[in-house]
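Chemist: Generate the whole structure from the sequences, applying the supplied hints.
Chains as they are written, first to last, in the working numbering: chain U, 1 to 326; chain W, 327 to 652; chain H, 653 to 948.
The set of hints was computed from the structure by calculation and includes no laboratory data. Among the clues, some could well be false.
Here are the simulated lysine to aspartate or glutamate pairs, EDC-like style, with alpha carbons at most 16 angstroms apart [to be verified]:
#: 1; chain 1: H; residue 1: 682; chain 2: W; residue 2: 344
#: 2; chain 1: U; residue 1: 307; chain 2: U; residue 2: 37
#: 3; chain 1: H; residue 1: 836; chain 2: U; residue 2: 100
#: 4; chain 1: U; residue 1: 198; chain 2: W; residue 2: 594
#: 5; chain 1: H; residue 1: 682; chain 2: W; residue 2: 345
#: 6; chain 1: W; residue 1: 584; chain 2: U; residue 2: 262
Computed from a prediction, not measured in an experiment: that's the story for all the values here.
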Amino acid sequence: MSVLVHVTNLTKYFSIRKGIFGKEVGQVKAVDGLTFDIRKGETLGLVGESGCGKSTTGRLILRLLEPTAGRVEFEGKDVFKATPGEMRALRKDMQIIFQDPYASLNPRMSVGDIIAEPIKLYKLASGPEIQKRVEHLLSCVGLASYHARRYPHEFSGGQRQRVGIARALALNPKLIVCDEPVSALDVSIQSQVLNLLKDLQQEFGLTYLFIAHGLNVVKHVSDRIGVMYLGKMVELAGDDELYNNPLHPYTKALLSAVPIPDPRAKKQRIILTGDVPSPVNPPRGCRFHTRCFCSQDICKHHEPVFKRVKPGHWVACHLVEEENKK
Amino acid sequence: MTQTLLQVKDLKTHFFLEDGVVPAVDGVSFHLNRGETLAVVGESGSGKSITATSIMRLIPNPPGRIVGGEILFNGEDLLKKTEKEMRAIRGNRISMIFQEPMTSLNPVFRVGHQIAESLMVHQGLNKQEALEKSIEMLRLTGIPSPEKRAHDFPHQMSGGMRQRVMIAMALCCRPELLIADEPTTALDVTIQAQILDLMLELKEQLGTAIIMITHDLAVVAEVADRAVVMYCGKLVEEAPVLELFDNPLHPYTRGLLKSIPHINDNQERLYMIEGMVPALTNLPPGCSFAPRCPEARPRCHVERPSLKEVSPGRRVSCWLHEGGVR
Amino acid sequence: MSQAQVSVQVNEPVEQVYSPAADFWRRLRKNKLAMVSLVFLLALTMVAVFAPYVAPYDPYLSDMPKALQGPSSEHLLGNDELGRDILSRIIYGARISLRVGLIAVGIALSAGMVLGSTAGYYGGRLDNIIMRLMDIMLAFPSILLAIALMAVLGRGVENAIIAIGIVSIPEYARIVRGSVLSVKENEYVQAACAIGNNDWQIIFRHILPNVMAPVIVRATLGISTAILETSALGFLGLGVVPPYAEWGTMLGSGRGYMFNAPHLVFFPGIAITLTVMAFNLLGDGLRDALDPRLRR
Numbered sequence: 001m002s003v004l005v006h007v008t009n010l011t012k013y014f015s016i017r018k019g020i021f022g023k024e025v026g027q028v029k030a031v032d033g034l035t036f037d038i039r040k041g042e043t044l045g046l047v048g049e050s051g052c053g054k055s056t057t058g059r060l061i062l063r064l065l066e067p068t069a070g071r072v073e074f075e076g077k078d079v080f081k082a083t084p085g086e087m088r089a090l091r092k093d094m095q096i097i098f099q100d101p102y103a104s105l106n107p108r109m110s111v112g113d114i115i116a117e118p119i120k121l122y123k124l125a126s127g128p129e130i131q132k133r134v135e136h137l138l139s140c141v142g143l144a145s146y147h148a149r150r151y152p153h154e155f156s157g158g159q160r161q162r163v164g165i166a167r168a169l170a171l172n173p174k175l176i177v178c179d180e181p182v183s184a185l186d187v188s189i190q191s192q193v194l195n196l197l198k199d200l201q202q203e204f205g206l207t208y209l210f211i212a213h214g215l216n217v218v219k220h221v222s223d224r225i226g227v228m229y230l231g232k233m234v235e236l237a238g239d240d241e242l243y244n245n246p247l248h249p250y251t252k253a254l255l256s257a258v259p260i261p262d263p264r265a266k267k268q269r270i271i272l273t274g275d276v277p278s279p280v281n282p283p284r285g286c287r288f289h290t291r292c293f294c295s296q297d298i299c300k301h302h303e304p305v306f307k308r309v310k311p312g313h314w315v316a317c318h319l320v321e322e323e324n325k326k
Numbered sequence: 327m328t329q330t331l332l333q334v335k336d337l338k339t340h341f342f343l344e345d346g347v348v349p350a351v352d353g354v355s356f357h358l359n360r361g362e363t364l365a366v367v368g369e370s371g372s373g374k375s376i377t378a379t380s381i382m383r384l385i386p387n388p389p390g391r392i393v394g395g396e397i398l399f400n401g402e403d404l405l406k407k408t409e410k411e412m413r414a415i416r417g418n419r420i421s422m423i424f425q426e427p428m429t430s431l432n433p434v435f436r437v438g439h440q441i442a443e444s445l446m447v448h449q450g451l452n453k454q455e456a457l458e459k460s461i462e463m464l465r466l467t468g469i470p471s472p473e474k475r476a477h478d479f480p481h482q483m484s485g486g487m488r489q490r491v492m493i494a495m496a497l498c499c500r501p502e503l504l505i506a507d508e509p510t511t512a513l514d515v516t517i518q519a520q521i522l523d524l525m526l527e528l529k530e531q532l533g534t535a536i537i538m539i540t541h542d543l544a545v546v547a548e549v550a551d552r553a554v555v556m557y558c559g560k561l562v563e564e565a566p567v568l569e570l571f572d573n574p575l576h577p578y579t580r581g582l583l584k585s586i587p588h589i590n591d592n593q594e595r596l597y598m599i600e601g602m603v604p605a606l607t608n609l610p611p612g613c614s615f616a617p618r619c620p621e622a623r624p625r626c627h628v629e630r631p632s633l634k635e636v637s638p639g640r641r642v643s644c645w646l647h648e649g650g651v652r
Numbered sequence: 653m654s655q656a657q658v659s660v661q662v663n664e665p666v667e668q669v670y671s672p673a674a675d676f677w678r679r680l681r682k683n684k685l686a687m688v689s690l691v692f693l694l695a696l697t698m699v700a701v702f703a704p705y706v707a708p709y710d711p712y713l714s715d716m717p718k719a720l721q722g723p724s725s726e727h728l729l730g731n732d733e734l735g736r737d738i739l740s741r742i743i744y745g746a747r748i749s750l751r752v753g754l755i756a757v758g759i760a761l762s763a764g765m766v767l768g769s770t771a772g773y774y775g776g777r778l779d780n781i782i783m784r785l786m787d788i789m790l791a792f793p794s795i796l797l798a799i800a801l802m803a804v805l806g807r808g809v810e811n812a813i814i815a816i817g818i819v820s821i822p823e824y825a826r827i828v829r830g831s832v833l834s835v836k837e838n839e840y841v842q843a844a845c846a847i848g849n850n851d852w853q854i855i856f857r858h859i860l861p862n863v864m865a866p867v868i869v870r871a872t873l874g875i876s877t878a879i880l881e882t883s884a885l886g887f888l889g890l891g892v893v894p895p896y897a898e899w900g901t902m903l904g905s906g907r908g909y910m911f912n913a914p915h916l917v918f919f920p921g922i923a924i925t926l927t928v929m930a931f932n933l934l935g936d937g938l939r940d941a942l943d944p945r946l947r948r
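Modeler: Pasting the structure below:
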């Protein structure tokens, strides 16, 4: 499988400014040195708790945010070095679907206008051809053509999410960043949208970067999963490998914390103590050591390297390395 | 004293809006035993939260009004109580915790004082005693160094900590009934596990009965003894949790259970409940679920089923089970 | 389009489409006070436009023998100190008042929108410079600033309009900036960026339409303030030069006869009050109908 997106050392610090002169008083280390690939046609899942930087990562790859450091190459082109003209061409190939179906559609535009906008911007069609394409896109996402005349407030959450998907599809992108696309939806609607995303992926040969906090949802849709904690990727592996053989203590805890809808399920839970530390002032050494149930001295002082421990399985933990040396 | 703590009989809470009457809760009956955990499950718009606020008599009027039914708490009808009598019950014998702990805590008071205030009002403690008791409650909810955290303002705490404070506040007067409205929905997975464990532990310690309002069947499986499932303002099924998961009777419950992605199996497509929840102002004449039901028969579309007992402790509102469990 | 089509929603298409605009009009119509005000203002506008046909007399024609005469069947609202027909002068005055109100607010609104949206959208240093400038302007009482501007520009209707327009820029800039700041956080703005809109397109197509609600309300109320300020300038003798019929100027020149001929100040006063009130009530109605939280 060839690589579609190549992310190297991606870093984003947000400055915290105070006072009338905007003096920088600190930095939120939202994303701190990520390196990974997204392969053509796959679904790469990104999981982590709030504040781990997973959404920021998605927006950086699309250059909706400017990075502090690092590179993102999309089909070999450096996204951050692209001129405005090149960027416009690149945007056609990478799209995003948002979490909040209420905030992601302009309330003053009809659904038809929302979906037609990218088509018009890129002059992909003209005249009555636009209308035809909008109707086709609506039917792809399971809406009817008369919905085009309606406005977002007349739709339910699930339907709005379908409109957002149709807008993303309008440009025939290669990559779609799905930023928590089902977190705001009801259970019965959630499965409809997940199935739709899967169908569309097969039909249009899409590549997904699927960002979510629910491990069961990510596990269901992803081919490979990256686990993030406080701006770092701590583990990256194929979905079954990650589930059956988690190596990082945080991944283990996360997996065990996922509530299982089965009252008879065996509950061997690793309950993590405390809260996620602030990304303004992350712990030294391994960022997870303050909550880790097997942390050792080395974890407090030295940051572990993100290393390949098996083909296709990467992890950033001192203890895992030691196991392998033995 | 009887075993039954709360008995809700044919509760009807309607909202009178410009566009018409919304029967948010329409003839709901269930009971709750002492020390028991009952889950009320449903999607948005099912009326589960309105049921809870009706029990607390906190329905905003206008536009809402409880138009019928009885809510027997220890045999006394709460709907017949004066507002003054209700105030003595709320926070004292029945308390409630909400989804978003930030909005339910007053941002300008220190958390210790907020807990103490409730103790001073309901238990007549003086300020010193109340503060000591509130620190004790904070310790009970597992907040580290509660003496110090009692002087924090809500915004200085993380989401998980605030939810602990809410629980401390709700339980400080040792209520007989705790209503928890989606208490973990806004929290991260690892924090959710902490909070659920804490609630179960405190329930054992204090003997409080819990009504757990949730959309998440996994939460139901984790904590509840019995569950009632709501759809469009009505109860569709009631069952002990093990039976609900082993042998769900209502097609809606079955659909919900099947549509959750499980972390430990690899199905390609998820089961979907087709269509969407109908508007409460425009419910179908028969069973509300009939338009989405894969097993609907002609009768389901014209005649509304009622909640019938099919075996001891199990009730279902569905024509398919008219003659008992199939 | 194989399996993807499985879940086509089967709702019957209802032909009634509630666009945000239609929705707004439906709600506004329910507000009686606002509708009465709207009708009054439309009527006033018609009267102003067709003043030469509506006014019974020439507003500048002085008829000294009738000076200070009270209301009569011939002159419904009486005559002023030079014997001119007050009704005709009020009718012609509506032209000036409405023009001043609309154009001054137009100036303030366009400048305020450009400054406010630039400050709000780009933020940082640009925001700081623009908004501190606005703060400096807001530090002066607006009428004082308008007087100072008139002193520089000289008297006259046009200059009054410009002065009043300039002094109310900061208010609009602030409202627009505040709304832009909150609207720009919406994901649809990011979506607009992701589908390749440039900054200019994002501001005009996706941000400004969504900040218009509070701005329109403020502008309606602003028209009444502008009318009041023109009247104040006229009253102080700084605004419209005397022979012109302007409500404030009429009030100012009638001041001397207040006790023996109160109708000289009474009727222009009523005209100002009714118009200002109508704009205020309409503004309130618009605010309610445009409730920023569009019904979900």
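Chemist: Hint by hint, note whether the structure agrees.
Modeler: Here's how the hints hold up against the structure:
1. H:682 - W:344: holds, 12 angstroms
2. U:307 - U:37: Answer holds: residue 307 (chain U) to residue 37 (chain U) is near 14 angstroms, not above 16 angstroms.
3. H:836 - U:100: holds, 15 angstroms
4. U:198 - W:594: holds, 9 angstroms
5. H:682 - W:345: holds, 14 angstroms
6. W:584 - U:262: Holds, at roughly 12 angstroms.
In summary, this structure violates none of the numbered hints.
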